[in-house]
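*Asks:* Sequence:
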Amino acid sequence: IEAPVWASGPLATFGGAWWSEGSCAVGGGKRRRELDGGGEAGVVGTCDDPLSDACDVMCDDDLESCELVPVPGGRKKDRLVCRIDDKWVDLTNWRKAHPAGSHWIDAFDQRDATEVMHAFHSDKALGMLQRLPSARETDMPSKEVCPDVTPLQRNFRAFRAGLIKDGWFKRNYIVEAAQMASWGAMLALGIKLATTADWKYKLLSILPIAIANSYAGWLAHDYVHGTDKFCNFFRNFGAVTAGLSTTMWCDKHNMHHAKTNEVGIDEDLPGGPVLFVWPPTPENDKPWRKFQHFYLPLAYSLLFVVWRIDSLKVAWSRKIRHEQFCLAAHYALALAILPAPVFAGAVLLSGFMSATIVTVSHQNEDLMFEHEHDYVKNQFEATRDCRTSNPFSEWLWGGMQYQLEHHLMPTMPRYKYPALVPLVQKFAKENNIEYRASNELQLLKDNYMLYVDVARAPADPRARESASGLTI
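To convert a position in the sequence shown, counted from 1, into the numbering used here, add 1036.
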């Protein structure tokens, strides 16, 4: 994906700096935005200053063009500013044109966005940061609203810069091929068993197909987070192999990374109506909450069912043609090769396995009921690594056992994480912050007991709502 045509000229300040090659930051693809003015890029009306209160930047991502348009009624807008690399920038007029949606800009109004900016954007986009307009001093928040950068944040930035310099973010294509081959072998085994005449082998095939489906999700997860050309090429791998829209996944997953375990923001925290990880308010409580630890496996098994439905909704409602094609190809191939009961069983079993793996690293850790200004502290306090017990389990977890390393370095290839663990532990010790890890059985037990404890707890009138309903 090349930078759009509006990344140069009068709107280069806005266009180039946030465009990201293949990064999940662009929301899985271009989004259509209606233009208030004419159809050609450039300045319209009397708007000729990107910082003017009377102007907005409006973009049509399908046409890859932007323009400055007058604010309706000439109203004066509140300034939207954030801090990136110690520089306060004004994003007021850029928010509506942000490729991943204006909610990302709004979420970091008067806050430090340095770690998030570096975590989700390509080198090309980061190289254009200087084009962002500086905020006026009168628009900058007080230190009570946005505290100074902490020593922990500064040390982490130096730590990450050292890893980049040492080549930790570069991909090993032999390892990439081996991972793809292991997924292909598991899928081939499942197809072989599913296409035999013996029903017992058909039933048995559900297991390897489910494992292959989950592993396809781990591969896709790595590709969508990545910002290099290799990942950009495989960006829609998850849509073809697992029926998961990249755009849907990015919309949901990126805010989880940016504001991990922040109640009311992180959609990966189930706050009802099916599952609860903290007692809800009486008005939001459900009579079945007291039984949630009994139906937990069923709810977990619906993970991919929900995500697949959401994927179809997003691809068709937003008219994302390439994702529509990939999803259609997935279902056509899957139902042409596999018996429908085998396919359905594999989706349910895969959902249960993946949900079990992805939930245990966060749900028992600290919940954030207010915004945590220190991104690094947030990740350490909201995340726990898993120590797997055998080589197969290490493979099956797909890199999710290194959840803290992933949250700190989401664009790093996941097979680099095992070697990164000692360095993260050393960083934690030097900065007097706890590195959390447990073995897989303890993690599974603790997560299950959380649901038991919440099922038995009374409703809490002071509880906050989650960011969404059915999060599973």
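One or more hints might be untrue.
[Claimed, not checked] Calculated lysine-lysine pairs in the DSS-like style (CA-CA distance at most 27 Å, straight line):
| id | residue 1 | residue 2 |
| --- | --- | --- |
| 1 | K1265 | K1288 |
| 2 | K1349 | K1288 |
| 3 | K1462 | K1265 |
| 4 | K1206 | K1132 |
| 5 | K1452 | K1462 |
| 6 | K1288 | K1322 |
| 7 | K1160 | K1326 |
| 8 | K1462 | K1288 |
| 9 | K1265 | K1326 |
| 10 | K1322 | K1355 |
| 11 | K1228 | K1238 |
| 12 | K1160 | K1201 |
| 13 | K1288 | K1132 |
| 14 | K1452 | K1206 |
| 15 | K1326 | K1179 |
| 16 | K1201 | K1123 |
| 17 | K1179 | K1413 |
| 18 | K1206 | K1160 |
| 19 | K1322 | K1413 |
| 20 | K1349 | K1326 |
| 21 | K1465 | K1201 |
| 22 | K1288 | K1160 |
| 23 | K1413 | K1452 |
| 24 | K1349 | K1132 |
| 25 | K1355 | K1413 |
| 26 | K1288 | K1452 |
| 27 | K1228 | K1288 |
| 28 | K1413 | K1462 |
| 29 | K1465 | K1452 |
Worth flagging that the hints you see were computed from the coordinates, not collected in a lab.
Only a predicted model underlies this, so the values are computations on that prediction, with no experimental measurement involved.
*Asks:* Against each hint, give a clear statement of whether it holds in the structure.
*Replies:* Tested hints:
1. K1265 - K1288: holds (23 Å)
2. K1349 - K1288: Holds, at roughly 14 Å.
3. K1462 - K1265: violated (32 Å)
4. K1206 - K1132: violated (33 Å)
5. K1452 - K1462: holds (16 Å)
6. K1288 - K1322: Between K1288 and K1322 the Cα gap is close to 24 Å, so the pair holds against 27 Å.
7. K1160 - K1326: violated (51 Å)
8. K1462 - K1288: violated (32 Å)
9. K1265 - K1326: violated (49 Å)
10. K1322 - K1355: violated (36 Å)
11. K1228 - K1238: holds (9 Å)
12. K1160 - K1201: holds (16 Å)
13. K1288 - K1132: Given that 27 Å is the threshold and the Cα spacing comes to 19 Å, the pair holds.
14. K1452 - K1206: It holds: about 9 Å lies between the C-alpha atoms, which stays within 27 Å.
15. K1326 - K1179: The given pair, whose Cα atoms are some 44 Å apart, is violated under the 27 Å limit.
16. K1201 - K1123: holds (23 Å)
17. K1179 - K1413: OK: K1179 and K1413 at ~18 Å, within 27 Å.
18. K1206 - K1160: holds (15 Å)
19. K1322 - K1413: violated (34 Å)
20. K1349 - K1326: violated (32 Å)
21. K1465 - K1201: holds (22 Å)
22. K1288 - K1160: holds (24 Å)
23. K1413 - K1452: holds (22 Å)
24. K1349 - K1132: With Cα atoms ~23 Å apart, K1349 and K1132 stay inside 27 Å; holds.
25. K1355 - K1413: violated (39 Å)
26. K1288 - K1452: It holds: about 25 Å lies between the C-alpha atoms, which stays within 27 Å.
27. K1228 - K1288: violated (35 Å)
28. K1413 - K1462: holds (15 Å)
29. K1465 - K1452: holds (21 Å)
Comparing the model with each numbered hint stated earlier shows that hints 3, 4, 7, 8, 9, 10, 15, 19, 20, 25 and 27 do not hold.
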